[in-house]
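Q: Sequence:
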Amino acid sequence: MENTVHYTYRFRGRVQGVGFRFTSAHIAKNFAVAGLVRNELDGSVHLEVEGDRADVKAYISRLESEMSENISSSEKTEGKPKGYQGFVIER
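Sequential numbering from 1 applies to the sequence shown in this note's numbering.
I should point out that these hints are in silico values taken from the structure, not numbers from a laboratory. Backbone N, C-alpha and C define an ideal beta-carbon position, used for all residues, glycine too. Some hints could be false.
Computed cross-link-like contacts, DSS-like style, restricted to lysine-lysine with a CA-CA straight-line distance of at most 30 Å [what the hints assert, rightly or not]:
{"hint": "1", "residue 1": "LYS57", "residue 2": "LYS82"}
{"hint": "2", "residue 1": "LYS57", "residue 2": "LYS29"}
{"hint": "3", "residue 1": "LYS80", "residue 2": "LYS57"}
{"hint": "4", "residue 1": "LYS76", "residue 2": "LYS57"}
{"hint": "5", "residue 1": "LYS82", "residue 2": "LYS29"}
Label pairs and their calculated CB-CB ranges [unchecked claim]:
{"hint": "6", "residue 1": "LYS76", "residue 2": "ALA25", "range": "17 to 25 Å"}
{"hint": "7", "residue 1": "SER72", "residue 2": "ASN3", "range": "26 to 34 Å"}
{"hint": "8", "residue 1": "ARG53", "residue 2": "GLY86", "range": "14 to 22 Å"}
{"hint": "9", "residue 1": "ARG62", "residue 2": "GLY17", "range": "32 to 40 Å"}
{"hint": "10", "residue 1": "GLY83", "residue 2": "ARG14", "range": "31 to 39 Å"}
{"hint": "11", "residue 1": "ALA54", "residue 2": "ARG10", "range": "16 to 24 Å"}
{"hint": "12", "residue 1": "ALA54", "residue 2": "THR8", "range": "14 to 22 Å"}
{"hint": "13", "residue 1": "GLN16", "residue 2": "ALA54", "range": "27 to 35 Å"}
{"hint": "14", "residue 1": "GLY17", "residue 2": "ASP52", "range": "26 to 34 Å"}
{"hint": "15", "residue 1": "THR77", "residue 2": "ASN3", "range": "13 to 21 Å"}
{"hint": "16", "residue 1": "ARG10", "residue 2": "LYS80", "range": "14 to 22 Å"}
{"hint": "17", "residue 1": "ALA54", "residue 2": "GLN85", "range": "16 to 24 Å"}
Make the full structure from the sequences, and use the hints.
A: Set out below in structure tokens:
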């Protein structure tokens, strides 16, 4: 847990109705990361991810690459790990 990081992302653009949440969860299976993803009422997508810094970085890089045509902007904040187990799609 010492090397575990937790990041919260807010993705904006055409990120709802295009499989963003499904893609996020599917990609997570390839990395040692855990967290959640959900649609927000303002049309953005909220994503929380945690794991080893290198795994989280690789995961986000792949997600942003695969969904690049849909993302117009993103914001990242760092927080304390919450101890997620697995990756969950909410709402």
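Q: A separate judgement is required for each hint: does it hold in the structure or not?
A: Against the structure, the hints:
no., hint, in the structure
1, LYS57 to LYS82, "holds, 18 Å"
2, LYS57 to LYS29, "holds, 14 Å"
3, LYS80 to LYS57, "holds, 16 Å"
4, LYS76 to LYS57, "holds, 12 Å"
5, LYS82 to LYS29, "holds, 19 Å"
6, LYS76 to ALA25: 17 to 25 Å, "holds, 19 Å"
7, SER72 to ASN3: 26 to 34 Å, "holds, 32 Å"
8, ARG53 to GLY86: 14 to 22 Å, "holds, 19 Å"
9, ARG62 to GLY17: 32 to 40 Å, "violated, 21 Å"
10, GLY83 to ARG14: 31 to 39 Å, "holds, 32 Å"
11, ALA54 to ARG10: 16 to 24 Å, "holds, 23 Å"
12, ALA54 to THR8: 14 to 22 Å, "holds, 19 Å"
13, GLN16 to ALA54: 27 to 35 Å, "holds, 29 Å"
14, GLY17 to ASP52: 26 to 34 Å, "holds, 32 Å"
15, THR77 to ASN3: 13 to 21 Å, "holds, 19 Å"
16, ARG10 to LYS80: 14 to 22 Å, "holds, 18 Å"
17, ALA54 to GLN85: 16 to 24 Å, "holds, 20 Å"
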